[in-house]
Amino acid sequence: MTDNNTSTSREYLKPPVTEVGVLGWLRENLFNNWFNSLLTILTIYSLYLVVPPLIKWAFVDSLWLSDAAACRDIDGACWSIIPANARFIFFGFFPEDQQWRPLTAMILLLALVLYSQNRRSWNRLLFPIWTAGLFVMGWLMHGGLGLPVVETAKWSGLPLTLMLSLFGMVGAYPLGVLLALGRQSRLPAIKSLCVVYIELIRGVPLISMLFMSSIMFPLFLPEGISIDKVLRAQVAIIIFTAAYIAEVVRGGLQAITKGQYEAADSLGLNYSQAMRLIILPQALKIVIPPSVGILISAFKDTSLVVIIALYDVLKTTKVTLSNPKWMGFSSEAYLFLAVLYFIFCYAMSSYSRKLEKALHTGR
Amino acid sequence: MSNEPKATPDITSSTVPFWRNPEKRGVIFQIAVLLLVLGIGYVLFSNTQANLKRQSIATGFSFLHNEAGFEIGESVIDYSAADTYARALLAGALNTLKVSFIGIILTTLLGVVVGIARLSHNWIVSRLAGGFIEVMQNIPVLLQLFFWYSIFYEAFPAPRQALNPLPGVFLCNRGLIFAVPEAHPAHTPMLWALVAAVILWWLLARWARKRQDLTGQIFPVVRSGLGLCLLLPALVWLAYGAPTAMDIPVLRGFNFRGGMAVTPEFSALLIGLVLYTSAFVAEIVRAGIQSVSRGQIEAAMSIGLRPGQVLHLVVLPQALRVIIPPLTSQMLNLTKNSSLAIAIGFADFVSVANTTINQTGQAIEGVALIMAVYLFFSLSTSFFMNWYNKKMAIVER
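Line order of the protein sequences matches chains A and B. Take 1 as the starting number for the first sequence in UniProt numbering and just add one per residue. Take 1 as the starting number for the second sequence in UniProt numbering and just add one per residue.
Worth flagging that the hints you see were computed from the coordinates, not collected in a lab. Model, not experiment: these values are computed from the prediction. Please note: incorrect hints may appear among the correct ones.
As the list claims (entries may be wrong) - No more than 27 Å apart at the CA atoms, straight line, and that leaves these computed lysine-lysine pairs for DSSO-like:
| # | chain 1 | residue 1 | chain 2 | residue 2 |
| --- | --- | --- | --- | --- |
| 1 | A | 258 | B | 24 |
| 2 | A | 229 | B | 390 |
| 3 | A | 325 | A | 56 |
| 4 | B | 98 | A | 191 |
| 5 | B | 53 | A | 191 |
Unchecked claim - Partner residues aside, some chain B positions facing chain A, computed with beta carbon under 7 Å:
| # | residue |
| --- | --- |
| 6 | 38 |
| 7 | 40 |
| 8 | 44 |
| 9 | 48 |
| 10 | 49 |
| 11 | 122 |
| 12 | 124 |
| 13 | 138 |
| 14 | 143 |
| 15 | 203 |
| 16 | 363 |
Every residue gets a Cβ at the ideal spot worked out from N, C-alpha and C, and that includes glycine.
Please take these sequences and the hints and turn them into a complete structure.
This is the structure we're talking about:
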């Protein structure tokens, strides 16, 4: 900046051609010393061994829209298993002629999610919109009021997966926040109850909770009352996820400095006002990344309901695979499901990164 | 932390009604919550009692002494269908331990490698590591287990056409079968020699540390320790006349006899758990290494430490402080996720307990056992890791 005058007279030396452009980038990032060069060559060689056959299998030699018999004659992937069984994989045992109902419900859910991911739509209207949306979804799924009733036992496939995760998250978050507040409370009885709950649940695998919901829970209820199997699994998921959320939120609460609590006290706010207006907004913002981590795990963990024989999207895929016609194409079916789960989880995690950046107020 | 203002001395309880006194309100609130919890507990308990009586299900753990009557695919201890439920459950618990133990070791190794690869200056290596982490983290572990299990059953040939990549090693849809040394009296003393070598290693490390404190001289503890572990058993082996007989698997009928087999169930469970968990471990390792400030590394290099020493003496001790607590929870996650074994037919504790519940109808005892066993695993792992964490933590003023 200061040598504007002298620079014109000085003769510039261009950087060596090996330092800039493609060559420079390669040198800098792939071949900057003997070890890295060796690593690069080995990696490229192993990629060369793996990737071309994989592409050949997945795209060149594959069939996409054929029947099962045609798939037996090829070496490549048989993606036809997905379109041929799409109806069952996505909607399971939902009556075939009523299939538009879960489809509409899922589109509605997707629209709601897309609408609320925009921060400009976060206002007082959001809550009634969601309530109305969920009500319409419930009506579409269950029926009544002019639509034939479909029992929850028939709810399966992707709608079941999405509903178990959505309500799991929505139910677990407030419960988790309450548990975290309880654990930080000065009241000894409340504190110990919350500690016992959190540690007990976090110490056991989710499937033991699901077993509890499917085998033990019916024993808890008085004679003649039975609660739907899907609802029982839902409760188990909520109870389980809440314990993990509680620990994350506790981390956020601990990060709030004592001065903030004292400031709230000095304003004469009572406990609930202090928490609602001062402490929780700050604490929850801090813990956005780990909370999204928990929510993503909760979404993936809904697949565990397979073990208590609920027909989520993983189970409907397995049922398809047990059809002798389509037996032997598991890799294709599971890879498709993997892509499906990956898209949902990746969308959630990149949205949380965006949100974290947007809400960052600096410290 | 203080969430309610303390009653100041000049406002005595006589001037303030009790519902405005935060301390008294707290007591009343707690009593109410406790009564509520106890009430719910009592209702559930009495309902359960009535239900059990109506369905005439026995209570208590006496069923553990009955004959189990079901087979277990693979077991660390001898077990047959004629044994008791208690022994079946023990076999299941040992299977859980086996898969978790091997899994934790492999996960830590792979996770550290991928985590360091993610930080590599090599563009291709770091992007590949990043891709591995994203993919593995975002796919449910159960789906991964199903995938690997289906690979074993569909991609590998039947025993008759088994792949034979190395002499004595066979790979087929019954798993990985390989030759092991034939049983020989030398094996027990060799094991003892190994134990002795480990003890000597520990003593050597103590001596070397003391010597370094006194004289500043560094003794190559790790190299000599590893040498001892190889040398002592090898000497015993030679002393017994160097037995080399191998138990080689042979194809008999539809399956292999002899050798050692790793079943597809165990392999699929191990591969799935290790790949899934190592992605999380890699992120933890990366964050831990990044948490060490650049200045520390530069300072270490400026006093003339070699790159290996920089890593070993400066970076790792500081990074471990950040790494250990989340690593512990990943280890616990792996142990808990091993319960998904039930989905692919590996006889872990949950799977055996579930069979037991189905046969005896004693759901409460079964689920209680599952919870107790996992709580025991969790608490002992975190106890050990907390001890290690305390040992590793940097002592501040």
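Checklist entry - If you draw a straight line from the CA of residue 53 of chain B to the CA of residue 191 of chain A, is it 27 Å or shorter? => result Status violated; Cα separation ~36 Å.
Next on the checklist: Hint validation: residue 363 of chain B versus chain A, beta carbon distance must be below 7 Å. Holds or violated?
Outcome noted: OK, holds: residue 363 of chain B within 7 Å of chain A, min 4 Å.
Checklist entry - For the hint on residue 40 of chain B, does the least C-beta distance to chain A fall short of 7 Å? => result violated (10 Å)
Item to check | Interface hint compliance - residue 38 of chain B to chain A, C-beta minimum distance less than 7 Å | outcome: At 11 Å from the nearest chain A Cβ, residue 38 of chain B fails the 7 Å test, so the hint is violated.
Item to check | chain A contact restraint on residue 203 of chain B - CB to CB distance below 7 Å | outcome: violated (36 Å)
Checklist entry - Taking 7 Å as the limit, does the beta-carbon of residue 49 of chain B come near enough to a beta-carbon in chain A? => result violated (9 Å)
Item to check | Interface restraint verdict for residue 122 of chain B against chain A (beta-carbon cut-off 7 Å) | outcome: Hint on residue 122 of chain B: holds, closest Cβ of chain A at ~5 Å, below 7 Å.
Next on the checklist: Holds or violated: residue 258 of chain A and residue 24 of chain B, Cα atoms, limit 27 Å.
Outcome noted: Satisfied, since the Cα-Cα distance of roughly 24 Å is no more than 27 Å.
Next on the checklist: Let's test the interface hint: is any C-beta of chain A closer than 7 Å to that of residue 48 of chain B?
Outcome noted: Given a least distance of 5 Å, the restraint on residue 48 of chain B holds.
Checklist entry - Quick one, is the residue 44 of chain B hint okay against chain A at 7 Å, beta carbons? => result Given a least distance of 5 Å, the restraint on residue 44 of chain B holds.
Checklist entry - Can the hint on residue 143 of chain B be confirmed by a CB-to-CB distance to chain A that is less than 7 Å? => result Since the shortest Cβ distance to chain A is 6 Å, the answer is holds.
Checklist entry - Has the given pair, residue 229 of chain A with residue 390 of chain B, been kept, meaning a C-alpha gap of at most 27 Å? => result Cα-Cα ~45 Å, so violated.
Comparing the model with each numbered hint stated earlier shows that hints 2, 4, 5, 6, 7, 10 and 15 do not hold.
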